[in-house]
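With the sequences and hints as input, model every part of the structure.
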Amino acid sequence: MEVFAGDGVQKAEWKAISRGAAVKFDGVQKSYDGETLVVKDLNLDIARGEFLTMLGPSGSGKTTCLMMLAGFEPATHGEIYLNEQGINNVPPHKRGIGMVFQNYALFPHMSVAENLAFPLQVRGVGKAEQEDRIRRALDMVELGAFGGRRPAQLSGGQQQRVAVARALVFDPELVLMDEPLGALDKQLREQMQYEIKHIHENLGVTIVYVTHDQTEALTMSDRVAVFNDGVIQQLSSPDVLYESPQNSFVAQFIGENNKLSGEVVAMDGANCEVRLDDGTLLVADPVNVKGAGSRTTVSLRPERIELAPSDEPENVLDGKIEELIYLGDHIRVRMNVAGNDEFIVKVRNRRDKRPISEGDMVKVGWSASDCKALDAVA
Amino acid sequence: MSSATDTPTDAIAGDGIVRAADGTPLKRSLARALRREKLRSFLLIAPLLAFVVISFLLPIADMLFRSVENNIVRDTIPETVQTLASWDADSGELPDERVFAALYRDLQIAVEKRIHTRLGSRLNYEKSGMSGLFRKTGREVRRLEAEGPFRERFIEIDEDWADIEVWAVIKRYSPPYTPGYFLNAVDAELTAEGVEMKPENERIYLTLFWRTLVMSLMITLSCLLLGYPIGYLLSHLPARSANLLMILVLLPFWTSLLVRTSAWKVLLQQQGVINDFLVWINLIDDAGRLVMINNQTGTIIAMTHILLPFMILPLYSVMQTISPSYVRAAKSLGASDWTAFWRVYFPQTVPGIGAGAILVFILAIGYYITPELVGGTSGIFISNRIAYHISTSLNWGLAAALGTILLLLVMALFYVYDRIVGIDNVKLG
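In order, the protein sequence lines correspond to chains Y and B.
Under our numbering, the first sequence has 51 at position 51, and the numbering climbs by one with no breaks.
Here our numbering runs 1000 ahead of the position in the second sequence, where the first position is 1.
Ranges between beta-carbon positions, derived for each pair:
| id | chain 1 | residue 1 | chain 2 | residue 2 | range |
| --- | --- | --- | --- | --- | --- |
| 1 | B | W1342 | Y | Y32 | 21 to 31 angstroms |
| 2 | Y | A145 | B | R1040 | 46 to 56 angstroms |
| 3 | B | L1049 | Y | G156 | 36 to 46 angstroms |
| 4 | B | V1052 | Y | G156 | 36 to 46 angstroms |
| 5 | B | P1252 | Y | K197 | 53 to 63 angstroms |
| 6 | B | V1052 | Y | D139 | 56 to 66 angstroms |
| 7 | B | V1052 | Y | G126 | 51 to 61 angstroms |
| 8 | Y | Q29 | B | R1419 | 51 to 61 angstroms |
| 9 | Y | G156 | B | T1321 | 14 to 24 angstroms |
| 10 | B | T1024 | Y | G156 | 40 to 50 angstroms |
| 11 | Y | T280 | B | T1321 | 52 to 62 angstroms |
| 12 | B | V1350 | Y | Q187 | 32 to 42 angstroms |
| 13 | Y | S155 | B | S1055 | 45 to 55 angstroms |
| 14 | Y | E256 | B | L1248 | 50 to 60 angstroms |
Calculated from the structure, these hints are not laboratory results.
For every residue, glycine included, the Cβ atom is placed at its ideal position computed from N, Cα and C.
The following block contains the structure:
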């Protein structure tokens, strides 16, 4: 399998990796039915203090990985290490890992304070210290006055915060979050993203976060592991992930993407020449192609394309505007370029924008480094 | 409802009443709008309501009334009752001639209508010998001349008429309503000195009530102990296996109650399957065969089996709604398997336990067929005694009193349960 680790080791705040991995998946496989592998040979190091997100469509194996780490699912093969200790035979309650569940899993028969006291009670923490810790945890999520309420009396966002506070109240080194914001509305979700991010920065805990929402993954994480089909497709920091996708799946899954399929005709180290299916020639960045003669899908971000380019980029093509969609801050232009009528260009809504209308013939241009020649999509 | 939302906010007049657009108070116009709907719903439930009232509520009310109703004395010997009013039972003297004369006239009519024996049976519940006294007197009184002195004549017929206690009983039970049945039902009686407990050897009902309660509780408890793991298993199995297991749980519902109870007879009796097996493996010898039927053991075993589905179903339906993530969360927070179960899972199943326990207990406390068949003498319930008074001894008043007490008992327990557990915590599905 291909794991493109290391690309993301560029963020300054993510220096903790030098201290050794907090979590290590070593050749982990998982099968539920003995016929198909849900997780295929997973190798992953998570550094102490890191915010790592497992991102992928449903059924890609990301939640299974989290459940194996938490101890609720046994690994079929391979070993998982926590602080250099193999934990395959350690039951979940002895792993000391905090966890935030998708539906919060706050105990409905206990008050908020009792929910927070639970992990402390089972650890035999003294009464006075319990109260002190509960108060601090509730203050941290700005719910100081809500200790006496039942979970059902709280809003979704408040329940979410209680769940986070409960997962942190016993000072775990590692916290797992399984799509914790899935049930919230968009605005609250964005707010909670920042709150969780800040808590992570303030406490320095290691967080493994599972989501299928790419925006969430990009805004919060130090590194993102993109899962598909039981395999990590790419493991990088968010900016690298977006700007340098390593294969077509990642390019398509993260952000919006124009794909043009063709064949590599020449490679000269830095660049390669691609002949599209309608005969057009492009200069592209050969990220994931074998060499001249191989099929490829060229990936191109809509915001990197210029309409009627003033300077002279490597690639300039003719296009016909099919549809204009007004989105406020930008305008989505659907065009027919090189035989592809799903070609999207984002035009910023600037004061000096040129008037365009449907049916216009316009030149579109982009530089070679902005279009990535990736593996061919079947 | 729409009329409420359509009302402009300025519709509040000076008097503070919110009004609809045409000036009628909003409440009234809302009620009018809903009237049709209410009428419709009422018509939909009307047939069932009528059925329940006619076939259920009215007979029960009639039965409850019988537990205190006592018009028979007053209706059969009206003049005697009237003249007896001035007689003082504590005086130590027999009633005077006027009373005997009245009794003579009353009995003439009663014997003509052949209702004097019924009065005898009624009074026999309170004092034995009264039935025979009235039957004998009824035979003789027709031949009696209409001339006095009646007192001597009656004593000639039967010297019991000289017994002051006989007259005291007649006087005591002459009012149209009597607490007699209820006193009987709690092993007490009305004597000249007031309410007293019956002699030790004549008390049966209090013991029977107590036994019914204790055994119902034991049955409920054993249903819970057996049903809880099954409910847990059912709710944690994949749907296919759960459905199969569910069919097995419901299987007893599809077999006749009588067949199931008889099957237990075959299994449990001293020459039965279980005893034979235990003898065969030499666990017990042939002389020491276990007595497991026609006693309390038999009743508890058979009734636990019969009522088990009523415990499993509510438990299952509640357990099904408990997300497995609660237990997972508890474990991730550091709770061992047992702590996670006991502090997180179990409290959430309490509504199911409540529902199942109430259902089983209430069914058990009024159960009749199974204790009758496998209970012998020591394993019968109060309901068997009620049935006996309804169909054999024909003492309907006492049966009604016993039934009323049973009903009140269940309601009292229900109230206590509500105070402790809370009835809104009960979930049937």
